[in-house]
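First to last, the sequence lines map onto chains A and B.
The first sequence begins at 1 in full-length UniProt numbering and counts up by one.
The second sequence begins at 1 in full-length UniProt numbering and counts up by one.
It should be emphasised that the hints constitute simulated quantities derived from the structure, not laboratory data.
Remember, it's a predicted structure, so these values are computed and weren't measured experimentally.
C-beta: ideal position from N, C-alpha, C; glycine also.
One or more of the hints may lead you astray.
As the list claims (entries may be wrong) - Simulated DEER-style distance windows between Cβ atoms:
{"no.": "1", "chain 1": "B", "residue 1": "Gly132", "chain 2": "A", "residue 2": "Gln602", "range": "30 to 40 Å"}
{"no.": "2", "chain 1": "A", "residue 1": "Arg382", "chain 2": "B", "residue 2": "Glu124", "range": "21 to 31 Å"}
{"no.": "3", "chain 1": "B", "residue 1": "Glu124", "chain 2": "A", "residue 2": "Gln602", "range": "20 to 30 Å"}
{"no.": "4", "chain 1": "B", "residue 1": "Leu65", "chain 2": "A", "residue 2": "Leu21", "range": "35 to 45 Å"}
{"no.": "5", "chain 1": "A", "residue 1": "Leu266", "chain 2": "B", "residue 2": "Gln67", "range": "42 to 52 Å"}
{"no.": "6", "chain 1": "B", "residue 1": "Pro17", "chain 2": "A", "residue 2": "Ala283", "range": "35 to 45 Å"}
{"no.": "7", "chain 1": "A", "residue 1": "Leu21", "chain 2": "B", "residue 2": "Glu186", "range": "38 to 48 Å"}
{"no.": "8", "chain 1": "B", "residue 1": "Leu65", "chain 2": "A", "residue 2": "Ala649", "range": "19 to 29 Å"}
{"no.": "9", "chain 1": "B", "residue 1": "Pro17", "chain 2": "A", "residue 2": "Ile274", "range": "34 to 44 Å"}
{"no.": "10", "chain 1": "A", "residue 1": "Pro270", "chain 2": "B", "residue 2": "Glu59", "range": "56 to 66 Å"}
{"no.": "11", "chain 1": "A", "residue 1": "Leu21", "chain 2": "B", "residue 2": "Ser143", "range": "33 to 43 Å"}
Said to hold, decoys possible - Some but not every residue of chain B turned toward chain A, in silico, with C-beta under 7 Å:
{"no.": "12", "residue": "Arg14"}
{"no.": "13", "residue": "Phe15"}
{"no.": "14", "residue": "Ser40"}
{"no.": "15", "residue": "Arg81"}
{"no.": "16", "residue": "Leu98"}
{"no.": "17", "residue": "Met109"}
{"no.": "18", "residue": "Leu110"}
{"no.": "19", "residue": "Val113"}
Unchecked claim - Selected chain A positions facing chain B (Cβ under 7 Å, derived; list incomplete):
{"no.": "20", "residue": "Gly185"}
{"no.": "21", "residue": "Gly239"}
{"no.": "22", "residue": "Pro391"}
{"no.": "23", "residue": "Arg399"}
{"no.": "24", "residue": "Asp402"}
{"no.": "25", "residue": "Arg405"}
{"no.": "26", "residue": "Arg588"}
{"no.": "27", "residue": "Thr590"}
{"no.": "28", "residue": "Gly598"}
{"no.": "29", "residue": "Thr599"}
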Amino acid sequence: MRAALGLGWRLLRAGGRKGLLGAALTALAVTVSTALLLFAVSANLAFEGRGDREAWRNPVPAQGRAVAVQSVRVDYVRDERITVVELAALEPGAPPPPGLDRFPAPGEVWLSPALAELARRLPADQLAGRFAGGRGGTVGDEALVHPGELVAVRGWAPDSPVLAGKGTDEPRGEVAPTRISDFTGEPTPDAQGYRILALIASVLMAVPLLVFGGAAARLTVARRDQRLAALRLVGATPGQVVAMTAAEAVITAFAGAVAGTLLYVLLIPPLTGIEIAGGSWFAADLWPGVPYTLAVLAAVPLLVGLSAVVGLRRVVVGPLGVAKRETPPGMRFVRVAVLLAVLAVVPTLSVGSGGGMIAVVLGLAFLSINLAGPWVVGLIGRITAGTARGPARLLAGRRLVDDPRAAWRTVSGVALTGFVAGFVVLLNPSADLLGEADASRLRLSVPAARADAVAAGARERLTAAGVRAGTEITGEGGEKVLVVALGGGRAAAPGKSGKGEKADTPVDALVDAPVDARVDAALVDRARTALDGLVPGRRATSTADDDRFGHVLIGDIGTGTIVVLTVSFLVAVVSAGITAVSSVLDRRQTYALLRLAGTPLQVLDRARRAETLIPLAVMGGGSIAVGLFCALPFAITGLDAGGLATLLACVLLGFAGVVGAGAASAPVLRSVTENPAPRPD
Amino acid sequence: MTSVVLEGYGLTKRFGPATALAGVGLAIGRGEAVAIMGPSGSGKSTLLHCLAGIMKPDEGEVRLLGQRVDTMGERERSALRRTRFGFVFQFGQLLPELPADENVALPLMLGGVSRRDAVRRAREWFGPLGLGGMEERRPGELSGGQAQRVAIARALVTRPAVVFADEPTGALDQTTGHDTMRLLVEATRGGDASLVVVTHDPQVARWCDRTVEVRDGRIMTGVGA
């Protein structure tokens with residue numbers, strides 16, 4: 001075994017300039033794969049980290065003795081969400097919440113860095129006025145979902161009305177006063193939802209990466225199989241051949257994996273700028289940590305080695321199969337049958353299916369496309385060769401039939417990206433779904449008994465703040481809603497014009513005003529600030545605020561789509577480029593002989609293009625269709641203009657990328673055919 | 001000698017400090033079979049490559065039917081090789097993906113002949129060369145001698161002026177090698193083409209009309225068969 005490993009290492013080192021170039025291509029493929037795999041792993045860990053950091057704001061009721069009371073309210077400024085955590089200690093020595101070095105005393109306010117900065121920049125009557133009281137300090141990063149998150153923590157006395165009562169039908173993100181024994185909490189449903197989306201996105205990114213990594217491994221084998229077959233012919237045992245191949249592939253892949261890790265570390269700063277769920281990332285979020293990094297560094301070379309060994313099957317089973325270039329056995333239809341079987345499961349899924357289940361089916365669909373791909377490529381090759389009239393298409397068709405796996409390796413990346421594109425465009429809801437919400441009417445829940453007094457107080461506060469608005473009490477039962485309809489401009493101060501009662505303008509009159517001219521953000525924030533504290537523990541919000549999460553989620557799905565498609569395209573184009581160059585290197589003797597016999601370079605290039613673009617057109621289209629089919633159970637809307645544009649862009653980018661990758665390998669083709677004198681290598 | 005088809009004058013070729021050809025001159029007559037012999041590294045393959053327009057000599061001229069070859073650009077030389085020359089080599093001259101008949105038809109298709117006609121014309125060579133029934137076999141399914149005969153058919157299918165063969169029997173056993181040489185010479189003559197064979201095997205050279213011996217980049221002798 002030791003001798004075999006040593007020989008494997010010698011084979012790698014003694015591969016000559018073109019052999020080393022081939023190894024470098026494999027290492028490059030592994031580098032890209034590793035970097036993107038680390039990204040996929042980190043993305044999951046990052047969402048998990050966010051969920052954990054947010055958990056303390058989603059309290060679990062105390063089972064035993066409670067040490068504090070906690071409620072969470074949501075407020076808004078300039079279309080941004082502010083999370084306001086209200087706290088009161090029930091006994092001395094209550095533990096501090098995450099991000100604070102002590103439990104906030106009654107009347108103290110702690111602001112996150114971003115909120116503190118915003119409060120400093122905006123006029124006090126638009127934000128800072130809501131957080132009057134002693135500044136306790138700054139909320140630390142360990143309590144924030146993202147660096148720009150707006151969080152306020154306020155301390156109250158246990159008997160404060162802010163922390164009194166039991167909430168019913170709390171708005172999204174809000175928590176009624178809850179007696180807690182610690183700040184462990186649990187991840188919010190939103191955080192869990194994001195984790196599922198991240199898992200699905202990771203599967204969409206990771207499967208092409210694994211396929212790509214496997215293809216990279218087979219590049220090593222493709223270059224070596226002649227030599228290894230010769231070793232078998234002179235008596236090397238299958239074990240020795242396997243060990244040599246695995247050693248060579250693992251050594252190359254390990255170098256690539258280390259480079260990929262370094263590349264990923266360099267990419268972390270720009271990646272932190274990707275905004276999801278309302279904000280960017282801490283750099284630490286995107287660092288997967290030493291154990292995961294080591295696991296990836298170990299797993300990638302092992303997978304590449306395993307893939308290389310699987311690719312060696314023909315050499316090991318029968319060395320003459322490679323040495324004599326006999327007709328390759330046909331692909332079995334069972335490959336397509338597996339794909340059809342997986343697709344048959346898809347209609348049984350629904351939005352209600354578990355995230356893990358969806359990820360598994362998606363992964364299987366992906367892998368089965370990869371399984372069926374070579375079979376379809378072989379079929380396309382037979383049709384192409386059968387109908388070819390010119391030498392370029394004949395060469396392309398025969399090449400596809402001869403080695404459909406190699407041809408599939410070139411186009412698989414783009415074809416699998418087609419699947420991703422088909423899948424995600426149907427899942428991309430349009431913001432039109434939410435309609436145009438009204439930001440000009442603030443609503444405030446008020447106890448029915450105090451409704452009139454609260455309305456009067458609201459009018460008074462709004463007038464004092466110079467906000468022109470109308471008020472109205474609506475609703476039935478014990479809880480009523482004070483509706484404050486905001487109008488443009490500042491109302492005259494009471495007494496100055498004798499029209500201070502402008503604040504009493506009927507709601508309907510203001511509501512009838514054109515939507516777009518109704519209010520500006522500063523006016524809304526002045527009104528919110530004026531109404532703050534009017535009803536303890538309640539904030540004035542609009543229907544636009546209610547829709548804000550929906551807008552963020554839709555934006556995030558769009559961002560996720562772009563990230564996944566970018567990763568997929570990157571993989572696809574790099575994959576196409578590497579396999580194109582590798583294919584030229586592998587077939588350099590054939591190309592040289594064709595050139596020697598007078599074949600124009602253009603014919604060789606045309607053949608290479610046809611060899612790629614014909615299966616790409618078929619498999620790309622087929623993969624998009626499979627992706628669309630897999631998305632159908634989860635589709636929120638049909639394919640709209642935006643989705644069609646995304647698909648079209650993907651198709652164009654895919655073809656352009658593969659054509660570009662092929663063109664990039666043309667100099668290598670020229671180089672290997674420069675001196676077409678035959679060599680026995 | 002009959003009329004000259006191909007001739008080289010004062011051919012010199014250097015590879016770095018090494019001189020592979022040092023002012024070689026050689027003329028090939030119509031229908032003539034010439035063997036170029038010499039030990040390894042003597043420059044015989046370089047001479048063939050210069051005569052065939054595969055590489056340009058550093059000095060000297062190559063003419064095909066009076067037309068300068070050495071001054072042609074790569075594109076013209078490619079066209080010349082495709083239309084006027086045929087090649088038979090020791091190693092890997094057949095495309096492994098194509099069946100035998102398409103390997104032979106390929107030069108015709110590259111010249112613009114339709115696939116149907118090209119394959120039909122290619123198959124005409126199979127019977128005379130003893131390859132009947134092997135038209136659809138792939139190179140890996142042919143013996144060494146059969147593969148060389150397919151290569152001969154491919155070299156002759158365009159009715160070239162000159163066929164170049166570099167160690168055409170180097171990978172074959174003696175009996176098969178002789179059969180192959182016999183077929184190569186007969187088929188070349190039958191096609192009214194000239195033949196230039198590079199070999200180190202006197203038995204192979206014996207099939208040719210004359211032999212030239214190359215040593216250290218120079219022609220030592222010219223011997224009639």
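Against the structure, the hints come out as follows:
1. B:Gly132 - A:Gln602: 30 to 40 Å: Holds, at about 35 Å.
2. A:Arg382 - B:Glu124: 21 to 31 Å: holds, 26 Å
3. B:Glu124 - A:Gln602: 20 to 30 Å: holds, 29 Å
4. B:Leu65 - A:Leu21: 35 to 45 Å: With a Cβ separation near 42 Å, B:Leu65 and A:Leu21 satisfy 35 to 45 Å, so the hint holds.
5. A:Leu266 - B:Gln67: 42 to 52 Å: Violated, at about 59 Å.
6. B:Pro17 - A:Ala283: 35 to 45 Å: violated, 57 Å
7. A:Leu21 - B:Glu186: 38 to 48 Å: Holds - the Cβ-Cβ distance for A:Leu21 and B:Glu186, about 45 Å, lies within 38 to 48 Å.
8. B:Leu65 - A:Ala649: 19 to 29 Å: Because 57 Å falls outside the window, the suggested range is violated.
9. B:Pro17 - A:Ile274: 34 to 44 Å: violated, 59 Å
10. A:Pro270 - B:Glu59: 56 to 66 Å: holds, 58 Å
11. A:Leu21 - B:Ser143: 33 to 43 Å: For A:Leu21 and B:Ser143 the Cβ distance comes to about 35 Å; the hint holds.
12. Arg14: Violated - the Cβ of B:Arg14 stays beyond 7 Å from chain A, reaching only about 15 Å at its closest.
13. Phe15: violated, 11 Å
14. Ser40: Hint on B:Ser40: violated, closest Cβ of chain A at ~13 Å, above 7 Å.
15. Arg81: holds, 4 Å
16. Leu98: It holds, given that the least Cβ distance between B:Leu98 and chain A is near 5 Å, below 7 Å.
17. Met109: At about 4 Å, which falls below the 7 Å cut-off, the nearest Cβ of chain A leaves the hint on B:Met109 intact, so it holds.
18. Leu110: holds, 5 Å
19. Val113: violated, 10 Å
20. Gly185: violated, 64 Å
21. Gly239: Because about 26 Å separates A:Gly239 from the closest Cβ in chain B, which is outside the 7 Å limit, the hint is violated.
22. Pro391: holds, 4 Å
23. Arg399: holds, 5 Å
24. Asp402: Because about 4 Å separates A:Asp402 from the closest Cβ in chain B, which is inside the 7 Å limit, the hint holds.
25. Arg405: violated, 14 Å
26. Arg588: With a closest approach of 11 Å, the A:Arg588 hint is violated.
27. Thr590: holds, 6 Å
28. Gly598: holds, 3 Å
29. Thr599: holds, 6 Å
Consistency note: the structure conflicts with the earlier hints numbered 5, 6, 8, 9, 12, 13, 14, 19, 20, 21, 25, 26.
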